[in-house]
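Chains as they are written, first to last, in my numbering: chain X, 19 to 369; chain E, 2 to 419.
Among the hints, erroneous ones may be present.
Derived lysine-lysine pairs resembling DSS-like cross-links, with alpha carbons at most 27 Å apart [claimed, not checked]:
| hint | chain 1 | residue 1 | chain 2 | residue 2 |
| --- | --- | --- | --- | --- |
| 1 | E | K233 | E | K199 |
| 2 | E | K107 | E | K179 |
| 3 | E | K385 | X | K179 |
| 4 | X | K112 | E | K369 |
| 5 | E | K179 | X | K190 |
| 6 | E | K199 | E | K231 |
| 7 | E | K67 | E | K252 |
| 8 | E | K105 | X | K179 |
| 9 | E | K199 | X | K190 |
| 10 | E | K354 | X | K190 |
| 11 | E | K354 | E | K322 |
Hints are computed from structural coordinates only; laboratory data are not their basis.
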Amino acid sequence: MGLRTGTFHENYAQDMAIFHSGLQWGIAVAFIIFLFACPLFFSDRILTILTTMGIAVISVHGLNILTGYCGQISIGHAGFMAVGGYTSAILCAKLGWPFWVALPCGALAAGIAGLFFGLPSLKIKGFYLIMATIAAQFIIIWTIIQLRSITGGADGLSVPKPAIGSIILSSKTNYFYLVMVFTCLATLLAKNIVRTRAGRAFIAIRDNDLAAEVMGVSLWSYKLQAFFIGCVYAGVAGSLLIHYFSFASTDQFPFMDSVWYLGMLIVGGMGSTTGAIFGAVALKLLDELVTMVGPILSAAVAPQAAASLALISHGLIIIIFLIFEPRGLHHRWEIIKAYFRLWPFSHQEIE
Amino acid sequence: MVKIKWMFLASLAILLTAAFLLPVSAQAEKKLYVGGTQSLTGPFAEDSAAVLAAIEDYVKYVNETKNLAPWRQEKFPADITLEVMWRDDELKPPKALSIYEELKAKGMLVGRISGSPIALALKDRLWEDQMGATSMATGPYYLSPPQSCFTYYPIYTDSLASIADWFKANWKEARKPKVAYLTADNAMGRSIEIPEMKAYLQKIGYEFVGTQYVPLVPTSPPTTQLTWLKQKGVDLALGVMINPGSQPTVKEMVRLGIGPNQPYKMTFGVPAPGHAAVFAAAMGELGDGYVCAGSFRPMDDLATPGIKFCSDLQDKYRPGKRVTHIMYEAGILEAMIQVEALRLAMKKVPFEKLTPRDVLVHGFYQIKNLPTGDISSTPLTYGKGDIEGVDEIRIDQVQKGKSVTVGIFPVRHIFTKK
């Protein structure tokens with residue numbers, strides 16, 4: 019762990035702390051203040067982008083715990099989001115439960131679905147596990163469509179806006195705050211999970227599952243725990259997404275989103291909480307940039323030039339990162355931090 | 002030094018992105034926007050590209066001539082310029098949401114829906130903002146309030162009801178004809194599975210057999226589904242499909258000896274996304290018997306004023322780059338509706354004070370008998386609770402490799418029970 023020149027750790031607690039100095043605390047607090055002040059100076063459109071970005075960050079945190087830390091690659095994350103989202107939607111729309119009760123139930127349902135589809139991970143890994151999680155995505159969506167009387171099938175389901183007491187979170191600002199609170203909590207929780215015994219077991223399994231087992235790490239228990247935790251995150255994200263639209267539809271959870279969530283993790287840097295944030299923000303920003311560039315490109319080159327631009331650019335960015343920076347934006351961020359750690363002296367003098 | 006250079010470049014990129022994202026300030030000239038969200042990526046990419054091209058051409062025409070169509074006398078206000086504003090939503094609801102917010106922030110007063118997933122995501126939001134929108138999707142979800150999305154061909158259930166009417170009118174046998182759904186396995190295809198549709202079919206004397214699903218774009222021939230229909234003795238199969246779905250389905254029907262001109266007699270009918278003109282051009286005589294309700298006319302039918310108009314626009318604005326896709330006609334219709342809504346609204350409210358609500362209430366709701374040069378089945382009429390536009394549905398059948406009009410039936414409004 020790199021420390022700023024002149025900073026030393028004297029005990030284990032200091033070593034494991036999330037923030038190591040007053041400056042880091044200050045930056046974190048300033049960032050949170052800035053984040054919650056966003057509605058004061060940003061338009062509805064930017065708040066919409068930030069809200070969907072926040073939801074993506076929560077989802078990618080879950081995938082990061084499962085794939086980045088525990089090494090269990092999942093391409094069914096959007097399916098697990100659908101479980102959480104639909105559970106919450108059904109509880110609110112059909113049973114009239116409040117959002118605050120429905121959301122944890124949705125998260126729990128997604129976690130249980132994760133446990134179920136995580137069972138194959140005890141026997142298979144790598145490419146075969148990827149295929150199993152892809153199957154999960156399709157089975158979940160198929161089931162939702164078939165359970166028409168409960169889920170509304172392909173027509174979807176109208177969902178009431180979430181409310182705190184008598185305050186209905188119908189405005190973009192209200193919902194932005196809601197999502198940001200969840201995003202901050204999810205980030206803090208993700209950071210803490212990694213520092214627990216379970217977090218260390220996840221990393222051990224990812225690095226070498228045989229060695230981990232020999233050391234006494236229960237693969238059965240920890241792999242399923244990773245699936246459960248990762249999918250709980252997905253459930254929260256799915257629930258927030260569906261309540262944001264006030265509508266539940268399987269079209270909100272396409273297979274390609276599962277692929278892009280993994281792409282976000284690659285771009286951001288697997289096995290890093292900061293990387294998960296970077297990845298989600300970077301690909302969402304790229305998405306917006308491409309959306310704006312499309313009409314310009316179309317006018318300048320040809321009408322068809324804008325078609326599939328997002329797919330192409332996303333794919334290209336992922337390939338570029340895999341080749342040139344497989345450790346993702348998080349690694350770049352560490353390099354930048356390392357530079358400033360030594361600032362104003364770029365080289366330490368060795369006597 | 003190299004690192005500082007990289008940091009500078011990164012900062013510049015962030016600033017540029019932020020500059021793009023920040024809302025645009027007030028417009029200097031008198032400009033109104035048409036267009037809206039498009040699905041240039043995904044299954045509707047071809048359709049959307051043709052729609053976009055048509056909207057662009059129509060806007061150029063109105064800006065240059067201030068006319069609304071060759072057959073119309075009204076003029077668009079001379080001091081106002083139209084501009085096309087669009088973004089590619091990739092048929093992804095979250096993306097459509099941010100695009101909608103962006104276009105709204107930039108001063109767009111009319112919206113657009115590019116497909117069922119987008120319709121389901123934006124429908125309520127459009128109503129909250131009291132914004133009227135034209136829609137390429139026509140599912141029954143539009144018929145339950147709130148209603149601020151307007152279609153220019155009938156919703157799928159009404160289209161299928163008209164095919165059922167036509168088939169029943171030509172039914173000669175004493176027994177009840179058997180009907181089943183053979184439909185696309187997505188939101189669009191399944192949107193016909195409403196109790197009112199089944200009740201209507203039974204009311205007019207059909208025996209309802211069941212439903213079979215085919216992928217939106219089949220990856221293998223739907224042999225099992227078709228064999229099931231044959232075993233059940235189905236006479237009429239109804240479904241919602243786009244051409245990439247209906248063409249392989251009908252090819253497989255012919256291979257299995259199923260069809261109006263085949264040993265096993267069964268007619269297959271779909272609503273407008275499976276346009277008969279496109280189907281006939283691609284399938285030729287192999288597709289004989291295929292029925293489509295609310296279909297657009299073939300692009301070479303220059304005797305129809307609307308099609309002639311489409312052709313003239315393309316001659317003028319895209320020589321050598323003609324769009325042959327039939328959804329070009331849809332784009333002209335959408336542009337006509339949006340421009341007409343804006344024009345009507347400006348008759349009540351001055352340009353400077355125009356809001357989306359004004360365009361909805363004084364524009365879209367006031368469109369009555371809008372002549373479309375016969376591109377749509379009938380002139381378009383909208384109002385509160387009246388979002389379908391057309392009053393009658395034209396039924397086309399592929400005969401000897403050509404799309405032939407075989408009937409026109411009134412819109413039954415089976416979902417709204419109007």
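Quiz item: Holds or violated: E:K199 with X:K190, Cα cutoff 27 Å?
Solution: Given that 27 Å is the threshold and the Cα spacing comes to 40 Å, the pair is violated.
Self-check item: Satisfaction of hint between X:K190 and E:K179, Cα-Cα up to 27 Å
Solution: violated (50 Å)
Self-check item: Restraint check for E:K105 with X:K179, where alpha carbons must lie at most 27 Å apart
Solution: With a Cα-Cα distance of about 22 Å, the restraint between E:K105 and X:K179 holds, given a limit of 27 Å.
Quiz item: Given the proposed pairing of E:K107 with E:K179, does the C-alpha separation stay at or below 27 Å?
Solution: violated (53 Å)
Practice problem: Measure nothing beyond the straight line between the CA atoms of E:K199 and E:K231; if it is 27 Å or shorter, mark the hint as holding. | Solution: Holds, at about 20 Å.
Practice problem: For the pair we were handed, X:K112 and E:K369, check the Cα-Cα distance against 27 Å. | Solution: Violated, at about 39 Å.
Exercise. Quickly compare the C-alpha distance for E:K354 and X:K190 to 27 Å and report which way the hint goes.
Key: Holds, because 24 Å separates the two Cα atoms, which is no more than 27 Å.
Quiz item: For the pair supplied as a hint, E:K67 and E:K252, is the alpha-carbon distance within the 27 Å limit?
Solution: violated (47 Å)
Quiz item: If you draw a straight line from the CA of E:K354 to the CA of E:K322, is it 27 Å or shorter?
Solution: violated (39 Å)
Quiz item: Taking 27 Å as the top limit, are the C-alpha atoms of E:K385 and X:K179 close enough?
Solution: holds (25 Å)
Quiz item: Are E:K233 and E:K199 close enough, with their CA atoms no more than 27 Å apart?
Solution: Distance ~17 Å between E:K233 and E:K199 Cα, so the pair holds.
Violated hints for the displayed structure, listed by number in ascending order: 2, 4, 5, 7, 9 and 11.
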